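2 protein chains.
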Amino acid sequence: MKKILLISLIMSLNVMAESDQFNPAFLQQLKVLRDQALDSQLAYEITESLTTEVGARLAGSPGDAKAVAWAQAKFKELGFDRVMTEPVPLKRWTRGQETARILSPFPHNLAITALGRTHPTPDEGITAEVVHFATLADLQAADKSEVAGKITFISERMVRSQDGSGYGKAVAGRGLTAQVTAAKGGVAAIIRSIGTDNNRTPHTGGARYDKDIPSVPAGAISNPDADLLVNMLKRNKPVTLQLKLTSHWDGDYTSQNVIGDMLGSEKPDEYIVIGCHLDSWDLGTGALDDAAGCGITMAAAKLIHDTIGPLKRTIRVVLWANEEYGISGAIAYHEAHKNELKQHILGGESDLGADKIYALGTRVAESALPTVDTMMSLLKPLDIEYAGNQGSSGADLIPMRRAGMAVFGLKQDASSYFDYHHTANDTLDKINPESMAQNVAAWIVVTALAAEADHDFGFGLSEE
Amino acid sequence: MKKILLISLIMSLNVMAESDQFNPAFLQQLKVLRDQALDSQLAYEITESLTTEVGARLAGSPGDAKAVAWAQAKFKELGFDRVMTEPVPLKRWTRGQETARILSPFPHNLAITALGRTHPTPDEGITAEVVHFATLADLQAADKSEVAGKITFISERMVRSQDGSGYGKAVAGRGLTAQVTAAKGGVAAIIRSIGTDNNRTPHTGGARYDKDIPSVPAGAISNPDADLLVNMLKRNKPVTLQLKLTSHWDGDYTSQNVIGDMLGSEKPDEYIVIGCHLDSWDLGTGALDDAAGCGITMAAAKLIHDTIGPLKRTIRVVLWANEEYGISGAIAYHEAHKNELKQHILGGESDLGADKIYALGTRVAESALPTVDTMMSLLKPLDIEYAGNQGSSGADLIPMRRAGMAVFGLKQDASSYFDYHHTANDTLDKINPESMAQNVAAWIVVTALAAEADHDFGFGLSEE
Chain A
1 MKKILLISLI
11 MSLNVMAESD
21 QFNPAFLQQL
31 KVLRDQALDS
41 QLAYEITESL
51 TTEVGARLAG
61 SPGDAKAVAW
71 AQAKFKELGF
81 DRVMTEPVPL
91 KRWTRGQETA
101 RILSPFPHNL
111 AITALGRTHP
121 TPDEGITAEV
131 VHFATLADLQ
141 AADKSEVAGK
151 ITFISERMVR
161 SQDGSGYGKA
171 VAGRGLTAQV
181 TAAKGGVAAI
191 IRSIGTDNNR
201 TPHTGGARYD
211 KDIPSVPAGA
221 ISNPDADLLV
231 NMLKRNKPVT
241 LQLKLTSHWD
251 GDYTSQNVIG
261 DMLGSEKPDE
271 YIVIGCHLDS
281 WDLGTGALDD
291 AAGCGITMAA
301 AKLIHDTIGP
311 LKRTIRVVLW
321 ANEEYGISGA
331 IAYHEAHKNE
341 LKQHILGGES
351 DLGADKIYAL
361 GTRVAESALP
371 TVDTMMSLLK
381 PLDIEYAGNQ
391 GSSGADLIPM
401 RRAGMAVFGL
411 KQDASSYFDY
421 HHTANDTLDK
431 INPESMAQNV
441 AAWIVVTALA
451 AEADHDFGFG
461 LSEE
Chain B
1 MKKILLISLI
11 MSLNVMAESD
21 QFNPAFLQQL
31 KVLRDQALDS
41 QLAYEITESL
51 TTEVGARLAG
61 SPGDAKAVAW
71 AQAKFKELGF
81 DRVMTEPVPL
91 KRWTRGQETA
101 RILSPFPHNL
111 AITALGRTHP
121 TPDEGITAEV
131 VHFATLADLQ
141 AADKSEVAGK
151 ITFISERMVR
161 SQDGSGYGKA
171 VAGRGLTAQV
181 TAAKGGVAAI
191 IRSIGTDNNR
201 TPHTGGARYD
211 KDIPSVPAGA
221 ISNPDADLLV
231 NMLKRNKPVT
241 LQLKLTSHWD
251 GDYTSQNVIG
261 DMLGSEKPDE
271 YIVIGCHLDS
281 WDLGTGALDD
291 AAGCGITMAA
301 AKLIHDTIGP
311 LKRTIRVVLW
321 ANEEYGISGA
331 IAYHEAHKNE
341 LKQHILGGES
351 DLGADKIYAL
361 GTRVAESALP
371 TVDTMMSLLK
381 PLDIEYAGNQ
391 GSSGADLIPM
401 RRAGMAVFGL
411 KQDASSYFDY
421 HHTANDTLDK
431 INPESMAQNV
441 AAWIVVTALA
451 AEADHDFGFG
461 LSEE
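If you read the sequences in order, they're chains A and B.
full-length UniProt numbering applies: residue 1 is where the first sequence begins, and numbers increase by one.
full-length UniProt numbering applies: residue 1 is where the second sequence begins, and numbers increase by one.
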């Protein structure tokens with residue numbers, strides 16, 4: 001089945017230049033708009049606005065409500081036809097104090113940040129000896145006697161790559177260290193930050209949480225601090241660490257998904273769903289993660305609307321709530337719209353910064369591949385290759401994708417993304433406006449062709 | 001006079017390949033050692049030891065005394081012939097809390113650090129409107145009515161360059177903003193960090209201090225925060241900042257210069273003075289500034305001693321106390337040795353990180369230039385050029401240079417140095433061991449030739 005798909009794909013790519021289902025005048029307008037978008041500052045301006053006027057916006061924090069208000073106002077200012085909010089219930093997690101001090105043999109303050117959803121230390125902290133494991137697997141393999149009463153430390157380094165795949169490999173440590181440490185009788189856990197930088201700006205991020213699984217306070221130390229700690233441990237003297245991480249669960253909160261629709265002219269109840277997540281971690285201003293995605297997709301919809309006008313289907317831009325510690329917005333949207341999922345024709349999320357897009361991946365029905373060919377013929381001038389039909393999507397599309405929705409992914413160069421991701425350093429200056437404009441051009445192409453296509457993109461596609 | 005010097009210099013460089021004052025066997029040994037040094041890890045190991053086992057060591061802090069103990073032990077471990085300490089009285093400055101929060105129009109926490117030697121805010125902080133100036137000159141030109149009651153903000157950017165010259169241009173703002181702000185009735189001062197990075201790690205550094213000149217609390221915000229603040233100010237709404245900088249003068253303290261001598265075989269009372277400053281700012285581990293300089297010069301003296309043996313003159317490695325906020329060690333040494341200054345034949349300090357050396361500058365008598373030619377013939381294989389005889393020296397040699405001592409400077413590539421200088425990010429991982437080894441090779445060449453030369457290098461040379 002896969003092989004047949006591949007052969008049919010190669011044939012269709014070779015045979016077809018551009019699909020003839022689309023009006024040539026529309027395709028010409030789209031090409032002109034694509035090229036104009038390369039000179040547009042709109043995405044950057046939206047991103048500058050969100051990061052400057054709202055800044056950090058952790059779900060449940062004061063910045064959350066400000067971001068929701070900002071998003072509604074911005075959609076209206078941009079002339080979206082319909083602006084809505086939908087409630088997103090969540091359990092609020094709030095960062096507290098976070099300090100880590102090596103008491104002996106060589107006193108030193110480590111730059112640390114708590115991992116999302118982990119347990120707090122007592123206010124006076126936890127003081128214990130550090131036990132070092134190179135990887136999560138080493139910790140998992142350790143005898144309880146090695147871990148009991150100690151603070152575990154995993155020093156695995158994330159590897160840099162264009163597709164960001166080093167993240168997936170290293171991030172298991174972040175997800176599981178607190179629970180694995182607890183299971184072995186450890187009292188707290190620290191990890192080397194899941195990031196590729198050498199800055200004293202530790203990387204936060206969610207740890208797995210289940211109220212029925214024991215866990216311990218857990219934090220990430222900056223990469224230079226991890227190097228230092230490894231060097232100290234090499235001296236074979238006990239290293240004693242005092243850890244204060246007073247983050248905690250902080251009651252119920254209702255955030256909002258904010259939705260802007262550019263209504264379709266023929267099928268207003270069919271949606272091409274694009275967007276970003278509106279929340280950010282609390283350490284930086286969430287410029288790359290994910291104000292950039294909001295700027296890119298809001299700008300794409302706005303520029304299509306203003307330059308080409310309404311397309312057949314509705315272009316729906318969803319700014320998802322609380323992606324960071326629970327994809328709460330994605331879960332709430334899926335629940336609220338589960339009776340109309342098939343009206344969600346194709347979806348994609350921009351959530352990997354603002355560097356140039358190098359590939360399009362799709363997960364659509366074979367019957368829709370000719371339109372993907374058309375997308376590719378318009379994307380190739382932007383230096384974008386096709387990455388196949390086993391593509392994924394952003395985290396916020398997971399519930400709907402699993403329920404069957406067709407998705408696409410415009411893959412951004414993530415080489416430097418994980419230098420800044422989930423740190424205080426995630427700020428506007430990390431965005432290159434020119435690269436960002438290339439993103440907008442690509443989102444315009446895919447979104448407009450999907451919205452104008454006469455066919456759907458399939459439903460109920462199997463997950464690999 | 002200058003022109004004559006230059007012509008004589010060019011002639012001597014053209015005519016002479018290597019001086020014949022030196023024993024050919026010695027020169028051969030020196031070349032072999034130079035090349036061996038490129039493979040030596042000793043400087044890196046010393047630097048790793050100081051940054052790991054002591055870490056931050058602001059003058060007067062607990063790290064200061066630990067660093068002094070470390071230095072004595074390390075000199076002894078390395079086999080220096082004579083290890084001494086000399087007292088350095090200083091007025092202690094201690095960093096306190098440091099926070100800066102924009103209260104309106106868009107709440108945001110700025111990453112800030114106090115400038116050294118500035119006044120404290122009250123414990124509850126200072127809250128006032130921000131008034132923005134592009135440069136120190138603009139602040140100096142401002143009317144008092146613009147500044148009175150406000151927090152001034154200078155947003156000048158430091159420019160990156162190989163020779164670090166952008167630092168000298170931008171640093172006047174750090175030195176003077178507190179006093180200029182006070183003179184115009186301002187209540188506090190903040191500046192964009194004097195640094196070339198885009199990290200949320202603000203750059204500290206000394207501000208000018210005179211107990212008789214009014215001043216105000218002053219801090220540097222990180223460069224991304226400066227960008228954000230500029231963007232907020234562009235919206236033409238008053239920006240209100242709450243500033244807490246509780247750093248303060250903290251009484252008298254006696255630190256130590258730590259001196260390691262490799263004694264000369266013929267003229268043990270004549271010194272070639274090399275070294276680094278032992279203190280660091282308190283934010284990082286002072287790896288580049290200036291553990292690296294300690295590693296480089298201690299290793300150079302040690303490798304000369306172990307490989308070639310004693311030279312005619314004593315090689316004196318001085319680890320200077322409190323360079324950062326007062327060159328207290330330099331002042332104390334000059335005072336203690338002022339009756340034997342002429343025994344200080346030539347001096348240099350390594351204090352600009354650990355990247356490759358690209359040039360040698362000197363400030364020596366014309367009669368010593370043939371030996372400089374010999375130095376250059378041995379430095380050229382290390383890709384080091386001659387930068388002329390109007391060279392400078394490290395900050396700790398200023399008092400003795402002004403009193404007449406001949407000096408040299410081995411100029412390091414400073415292109416990335418000011419990304420990390422005076423920040424929490426000044427840590428060991430910023431050092432490339434291979435570049436550092438090239439430094440050691442160059443210091444070996446200059447130090448050994450100066451120690452073995454039959455002549456002095458002049459005294460009482462005029463300052464430009």
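In case anyone wonders, no lab produced these hints; they're calculated from the structure.
Check the hints yourself; a few may be wrong.
Same chains, same label: a pair holds when it works inside one copy or across any pair of copies.
With a straight-line Cα cutoff of 25 Å, these simulated SDA-like cross-link-like pairs (lysine to any residue) come out [stated by the list, open to error]:
(1) LYS76 / LYS234
(2) LYS66 / PHE106
(3) LYS356 / ASN198
(4) LYS234 / GLU77
(5) LYS76 / PHE106
Because the structure is a prediction, the values reported are computed rather than measured.
Going down the list of hints, with the structure as the test:
no.: 1; hint: LYS76 / LYS234; verdict: between (59 Å within a copy, 23 Å between copies)
no.: 2; hint: LYS66 / PHE106; verdict: between (44 Å within a copy, 10 Å between copies)
no.: 3; hint: LYS356 / ASN198; verdict: both (23 Å within a copy, 20 Å between copies)
no.: 4; hint: LYS234 / GLU77; verdict: between (58 Å within a copy, 20 Å between copies)
no.: 5; hint: LYS76 / PHE106; verdict: between (57 Å within a copy, 21 Å between copies)
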